[in-house]
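For the protein sequence lines, the chains are C and R, in the order given.
Letter by letter, the first sequence follows residues 245 to 351 in the numbering used here.
Letter by letter, the second sequence follows residues 5 to 125 in the numbering used here.
There may be inaccurate statements among the hints.
What the hints assert, rightly or not - Calculated lysine-lysine pairs in the BS3-like style (CA-CA distance at most 30 Å, straight line):
1. K47/R <-> K283/C
2. K47/R <-> K351/C
3. K289/C <-> K347/C
4. K105/R <-> K289/C
5. K56/R <-> K283/C
6. K105/R <-> K347/C
7. K56/R <-> K289/C
8. K82/R <-> K56/R
9. K47/R <-> K71/R
10. K58/R <-> K71/R
11. K56/R <-> K286/C
12. K82/R <-> K289/C
13. K71/R <-> K286/C
14. K93/R <-> K286/C
15. K71/R <-> K17/R
16. K286/C <-> K47/R
17. K347/C <-> K283/C
18. K93/R <-> K71/R
19. K289/C <-> K47/R
20. K105/R <-> K56/R
21. K289/C <-> K58/R
22. K93/R <-> K283/C
23. K105/R <-> K71/R
24. K347/C <-> K47/R
25. K105/R <-> K283/C
26. K286/C <-> K17/R
Bear in mind the hints are in silico, worked out from the structure with no lab data behind them.
The model shown is predicted, which means the values in this text are computed figures rather than measured ones.
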Amino acid sequence: DIQMTQSPSSLSASVGDRVTITCRASQSISRYLNWYQQKPRKALKLLIYAASSLQIGVPSRFSGSGSGTDFTLTISSLQPEDFATYYCQQSYTMPWTFGQGTKVEIK
Amino acid sequence: EVQLVESGGGLVKPGGSLRLSCAVSEFTFSNAWMSWVRQAPGKGLEWVGRIKSKTDGGTTDYAAPVKGRFTISRDDSKNTLYLQMTSLKTEDTAVYYCTTKNRILDAFDIWGQGTMVTVSS
Chain C
245 DIQMTQSPSS
255 LSASVGDRVT
265 ITCRASQSIS
275 RYLNWYQQKP
285 RKALKLLIYA
295 ASSLQIGVPS
305 RFSGSGSGTD
315 FTLTISSLQP
325 EDFATYYCQQ
335 SYTMPWTFGQ
345 GTKVEIK
Chain R
5 EVQLVESGGG
15 LVKPGGSLRL
25 SCAVSEFTFS
35 NAWMSWVRQA
45 PGKGLEWVGR
55 IKSKTDGGTT
65 DYAAPVKGRF
75 TISRDDSKNT
85 LYLQMTSLKT
95 EDTAVYYCTT
105 KNRILDAFDI
115 WGQGTMVTVS
125 S
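If we strip away everything but chain C, and leave its shape as in the complex, we get:
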């Protein structure tokens, strides 16, 4: 199975900060990498697909980059509604696997 490792596991940031989350795959997955946002009592939300494509309706402050084994999710200016947990997921091969999550908390 392909292991997905996110870092950091958690971070504290202020509104307006630039936030970067990294995701590393245990083998090359080309650009088959997606990012999701999870908030309590809300359905999970797809943010980024194919490493860098923004899902419809997702604010442009979210961006993704990377290919092969190393990927990043960047929030250019953190907003109050962005405090949540973020997961990467590889869709290169089954079993589809997720990172362990990065919790973004208010500083």
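Given the coordinates of chain C, assemble chain R onto it according to the supplied hints.
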């Protein structure tokens, strides 16, 4: 608006069985490839299994921890996805989500709110 609503969760003893349902509305369910994903308390997300649309063969695939114990099925006439769970173990305790796999985006683009399954004696 597309909605996925899971139901059927609850408390079950180890070795027991449970069937989860996922009702889908405002969506062409029959064409969709559907998956179940679970999340143990305080943990990350784990893909459980997938069923293709009937026009694509209706075949299923499962993660190793549940293979042989869990069965995914669908009733396109009722717009409903099922997860039959047998020989349940304490480590199956989790919130179970149904989700659609968008084959163009190659990503899980719509999710339900989840249903909690607790396996405990």
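Okay, the hints, checked on the actual structure:
1. At roughly 14 Å between alpha-carbon atoms, K47/R and K283/C fall within 30 Å of each other, so this suggested pair holds.
2. Proposed proximity of K47/R and K351/C is supported: the alpha carbons are some 23 Å apart, at most 30 Å.
3. With a CA separation close to 15 Å, the supplied pair K289/C and K347/C stays within the 30 Å bound.
4. Taking the CA atoms of K105/R and K289/C, the gap is about 13 Å. The hint holds against a cut of 30 Å.
5. Distance check on the hinted pair: K56/R and K283/C sit about 28 Å apart at the alpha-carbon level, within 30 Å; holds.
6. For the hint linking K105/R to K347/C, the alpha-carbon distance of about 24 Å falls within 30 Å, and the restraint holds.
7. Using a Cα cut-off of 30 Å, the hinted pair K56/R and K289/C holds, with the two alpha carbons roughly 22 Å apart.
8. The hinted pair formed by K82/R and K56/R meets the criterion: a straight-line CA distance of about 16 Å does not exceed 30 Å.
9. The straight-line distance between the Cα atoms of K47/R and K71/R is roughly 21 Å, inside the 30 Å bound, and the hint therefore holds.
10. Our distance criterion of 30 Å between C-alpha atoms is met by K58/R and K71/R, whose separation comes to about 21 Å.
11. Note on K56/R and K286/C: the hinted pairing holds, with a Cα-Cα distance of about 26 Å set against a maximum of 30 Å.
12. As the CA atoms of K82/R and K289/C are separated by approximately 25 Å, the hinted pair is consistent with the 30 Å bound.
13. Pair hint K71/R plus K286/C holds up; C-alpha atoms about 29 Å apart against a cutoff of 30 Å.
14. Our distance criterion of 30 Å between C-alpha atoms is met by K93/R and K286/C, whose separation comes to about 27 Å.
15. Proposed proximity of K71/R and K17/R is supported: the alpha carbons are some 19 Å apart, at most 30 Å.
16. About 16 Å separates the Cα atoms of K286/C and K47/R, which keeps this hinted pair within 30 Å; it holds.
17. Among the hinted pairs, K347/C with K283/C is consistent with the structure: their alpha-carbon atoms are about 10 Å apart, no more than 30 Å.
18. Of the supplied pair hints, the one linking K93/R and K71/R holds, its CA atoms being roughly 13 Å apart against a limit of 30 Å.
19. The suggested pairing of K289/C with K47/R holds, with an alpha-carbon distance near 17 Å, which does not exceed 30 Å.
20. In summary, the hint linking K105/R to K56/R is supported, as the alpha carbons are separated by about 9 Å, within the 30 Å threshold.
21. Simply put, K289/C and K58/R have alpha-carbon atoms about 26 Å apart, close enough for the 30 Å limit, and the pair holds.
22. With a C-alpha separation of about 27 Å, the suggested pair K93/R and K283/C falls inside the 30 Å cut-off, and the hint holds.
23. A threshold of 30 Å between alpha carbons decides the hint, and for K105/R with K71/R the separation of about 20 Å falls inside it, so the pair holds.
24. About 12 Å separates the Cα atoms of K347/C and K47/R, which keeps this hinted pair within 30 Å; it holds.
25. With a C-alpha separation of about 20 Å, the suggested pairing of K105/R with K283/C holds against the 30 Å cut-off.
26. Distance restraint check for K286/C and K17/R: the Cα-Cα separation of roughly 28 Å lies within the 30 Å cut-off, and the hinted pair is therefore satisfied.
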